[in-house]
Structures are given as structure tokens and as C-alpha cells.
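Participant: Residues per chain are reported as follows:
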Amino acid sequence: MLAKRIIPCLDVRDGRTVKGVHFLDLRDAGDVVELATGYSEAGADELVFLDITASREKRQTMLEWVERVARVVTIPFTVGGGISSERDVEALLKKGADKISVNTSALADPGLIGRLAYSFGRQCVVVAVDASETAGAWEVYSHGGRQPAGRELYDWAREAEARGAGELLFTSMDHDGSRQGFACDALRRLSEQSAIPLIASGGAGSPADFYDAFTCGKADAALAAGIFHYGKTSIREVKQYLQEKGVTVRL
Amino acid sequence: MKTVIIDYGAGNLFSVRMALHRLGIQPVVSCDEREIRSADRVIFPGVGQASAAMERLKSHGLDRIIPALERPVLGICLGMQLMCAFTEEEDTCGLGVFPLQVEKIRGTEKVPHMGWNRISGLQSGLFEGLAESEWMYFVHSYCVPDNADAIARCDYHRPFAAALRRENFYGCQFHPEKSSRSGERILWNFIYGKLA
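Protein sequences, first through last, are from chains A and B. Under the working numbering, the first sequence has 73 at position 73, and the numbering climbs by one with no breaks. Under the working numbering, the second sequence has 430 at position 179, and the numbering climbs by one with no breaks.
There's no promise every hint is true.
[As the list claims (entries may be wrong)] Derived DSS-like pairs (lysine-lysine); straight-line CA-CA distance at most 30 Å:
1. A/Lys245 / A/Lys218
2. B/Lys445 / A/Lys58
3. B/Lys361 / A/Lys218
4. A/Lys58 / A/Lys95
5. A/Lys232 / A/Lys245
6. A/Lys232 / B/Lys355
7. A/Lys245 / B/Lys445
8. A/Lys94 / A/Lys58
9. B/Lys253 / A/Lys94
10. B/Lys253 / B/Lys309
11. B/Lys355 / B/Lys309
12. A/Lys218 / B/Lys445
13. B/Lys309 / A/Lys95
14. B/Lys309 / A/Lys94
15. A/Lys245 / B/Lys361
16. A/Lys218 / A/Lys232
17. A/Lys218 / B/Lys355
18. B/Lys253 / B/Lys445
No lab work stands behind these hints, which were simulated from the structure alone. Predicted model, so just to flag it, every value in this text is computed and none were measured.
All chains should be built: construct the whole structure from the sequences, respecting the hints.
Facilitator: What follows is the structure in C-alpha cells.
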């Protein structure tokens, strides 16, 4: 049986990790390689890094920390943040990233998804979608949750998959940072309409939240940051809880 | 122990190289015939699409060189699939080291089969020191059905071959270089272990 994956997410700025709460207040959380190694040893199934550096040197610093991570980490990792071309992706894969995630650039140029899938295989193309709900309608946002993209969640997810996404990473902006649980209804609908793996993101506060994302939400993997970063709950605790409840996990 | 990673422009060699570095091995990365033929161990990785990868193999003459190797060869993921006779992926003919067909993963499960799954029925020195039902990391949309050359099995919708062996040729569908300590043990076994 394929295990449900637990994926710590690390936001990276200038080679250090930070965690955004509700996409705003950034707090420094440590060295990227140190945290990545720690999570790998602690039983993380994969890692996701989102580079939020805004400087002009971003591309170079990104390649540097990606290589540093690839040298020591023995599990797969995904890199996202400002990736907008085949050239960006090729450079990151060469430095050891296993997958890349696109968000704003895919909304601006949906054809990018297909071009990346064709050049590098769809297994390494993760399409990340940030969305917020108003009166039952899920609106997609770009630019790290700052701009409405004029797309409806389920419709955009369907299009991304049809264009060649290998995996979908859905963040509910309403739940992100709240520690009140994932957006399970939206997750379930996304999972049921799609034939590619779905990663749940935004809202993890307790082991029970992961259980809900995997059962009610039918997610294949769940991503979390804050809950793990400050040592509140360990990955092992989450996995033990899931295993006791009958969910297949790698322990 | 001279270890060569075959570089034919298909996919990410960096991870395999780094995994070997962590084991204290400095591999040669090359598509040169003399380098490959003089290696004690050859690793044949592969990520991406089968037909394009096969074309690149041919353009380097590797379709002739690889099947003639007499030292242990380990194909990883697409590398293993290309060592089979035929793959349904764009109806591509492979190297024919394993007289097997690679089939699309069919059924109600999500594709690609992506993530950690257990391997069992371990039957080779390649798995020395590993527990039965060890977790390995998989990413693939095609698979080789269970068969007489299988030395490990996995289950996703139906059983399939997680690893193959025929004479000096080995293949694994999962990524040992991405499968934490157990994966590194497999690479160590391949380089230093008793493979029989």
C-alpha cells in the first residue's frame, strides 16, 4: 500500500527558512540545510521549499541552497518560488531538486505546464494553487496570495492537470496559519475530480487534522510548516497517530 | 571500485552522484564507451520519457554497449524499464536485457504511483541488511508486471516487479538514491556487497 505522505514545508529567504503566518508576518526559523536534514531524519517523506527571496540575486542564491540541500538530504524534495521557464527548471533539476512547483507563472502562462511536462516529465511538475473561499466560491490567487487570478479553483485544477501537472498542491489561504484543520471539503472535491496525486496544505494544527485531510479530504499527502517548525508536534507523533487510526504511513 | 554513472542526458544524475558521495564513492559520470567498459560497477539512471531517452542512448551507441557489459549493471527507474524488451510508453523498443514488457499502470489508482511503498519477497544480495517490507520511494506511470526475473515486488492496484535481476544485470523501479538509509544500503550492496 502506498503510504500517505507527510511533507514539511520550508519558506526560504536569502538561504534561510522563514514561516509566513496567513501569508504575512515572517519569522526566522533557521538554516535551510539544518532544518532539511532534521526533518529528513525525523521521518519526513518529502520536503517542499518555497523561495520567497525578492532580490535580483535570487536565482543564484536559490541554486546554491538547492545544491547544499541535495548534497545531504536522502529524500525527495520540491522547489518553488518564481520559477517561470524551462531554463529555470533545468538549472534546479541539475542541482538536485526532484520536482519543481509553479504557481503565478502557470496562471500567467498556462502553456508553461505542458512545456515543462514535455521537457522534464510530468512527474516533476507540481502545480501549486492558492485559493480563498467567499460565499462558497473558491477564487485562485497569484503572487503569494496577494492578487486574485480571476480563476475558479476546480476549473483551474482541471486545466492544470490536463496540461500536464504531475501533482497538485492546494493551499487554502483561509486555513493557512490558523492551525484549525485543512479545507477538507475542497480537498475531497479536488481529489475526486483528479487522477494525479493531491497535496493538502494550510491549516495543520494537530495529528487529527492530518487524519481528516487523508480520510474526509482524500488527499494523498499533507504539507505543514508551523506545526513542525517550532517543535509543537513531531512528524513521528503525527505518523503514530495516523497508524493507530489505520492510515498507511512510513514509520 | 570504479563506478560509472552513465550520462546520456536523461534526467537527474546529481542525486545518484550525491548518494554515492555519501557512501564515500567518487563515481565517474560519462557516456564514453571505454570508461563504461572499464567500470567495476555501472549505474544506468533515467527520468523522463522512454522514446526520447532511447533515442539518446542510440545516439551514443549505448544500446550496443550496455547489453554487452559483463560487470554488474544497475538500472534505476526508467533505466530499468529501458533494459526491458518493450515499453508501452510511446510503443518503444528497449535494450532487451530483460525479455519483459513494461505496461502502463492501469486501474482506479492515481498515476503516477508517487511516494513510499513497501517492497517484499526480497531475493538478492542487493537487499542484504534490509528488512522484508522495507519502504522505498517510487515515481512512475509504467511498470513491469511480476515475473520470473523479479527479485522484489511491490503492490499498487496490482503486484508489480519492484526490482529485476538477470545474470549481471539489475534493475530497480524505485529510487534508492531518494529512499533514505535503506536506499543507500542498496547502493552500498550493489557496489561492495556479495551480489549473488
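Participant: Each hint should be assessed against the structure and marked as holding or not.
Facilitator: We went through each hint and held it up to the structure:
Proximity of A/Lys245 to A/Lys218 is assessed by CA-CA distance (about 15 Å); at most 30 Å being required, the pair is judged to hold. Taken as a hint, the B/Lys445 and A/Lys58 pair is broken in the structure, with Cα atoms around 47 Å apart against an allowance of 30 Å. The hinted pair formed by B/Lys361 and A/Lys218 meets the criterion: a straight-line CA distance of about 12 Å does not exceed 30 Å. With a CA separation close to 15 Å, the supplied pair A/Lys58 and A/Lys95 stays within the 30 Å bound.
Our distance criterion of 30 Å between C-alpha atoms is met by A/Lys232 and A/Lys245, whose separation comes to about 21 Å. For the hint pairing A/Lys232 with B/Lys355, the CA-to-CA distance comes to about 43 Å; that exceeds 30 Å, so the pair is violated. About 41 Å separates the Cα atoms of A/Lys245 and B/Lys445, which puts this hinted pair outside 30 Å; it is violated. Between A/Lys94 and A/Lys58 the alpha-carbon distance is near 17 Å, which keeps this suggested pair within the 30 Å criterion.
At roughly 23 Å between alpha-carbon atoms, B/Lys253 and A/Lys94 fall within 30 Å of each other, so this suggested pair holds. Taking the CA atoms of B/Lys253 and B/Lys309, the gap is about 24 Å. The hint holds against a cut of 30 Å. Between B/Lys355 and B/Lys309 the alpha-carbon distance is near 23 Å, which keeps this suggested pair within the 30 Å criterion. This hinted pair does not check out: A/Lys218 and B/Lys445 have alpha carbons roughly 43 Å apart, beyond 30 Å.
Our distance criterion of 30 Å between C-alpha atoms is met by B/Lys309 and A/Lys95, whose separation comes to about 26 Å. For the hint pairing B/Lys309 with A/Lys94, the CA-to-CA distance comes to about 23 Å; that is within 30 Å, so the pair holds. The hinted pair formed by A/Lys245 and B/Lys361 meets the criterion: a straight-line CA distance of about 23 Å does not exceed 30 Å. Distance check on the hinted pair: A/Lys218 and A/Lys232 sit about 25 Å apart at the alpha-carbon level, within 30 Å; holds.
Proposed proximity of A/Lys218 and B/Lys355 is supported: the alpha carbons are some 24 Å apart, at most 30 Å. Between B/Lys253 and B/Lys445 the CA atoms are separated by roughly 16 Å; this keeps the pair inside 30 Å, and the hint holds.
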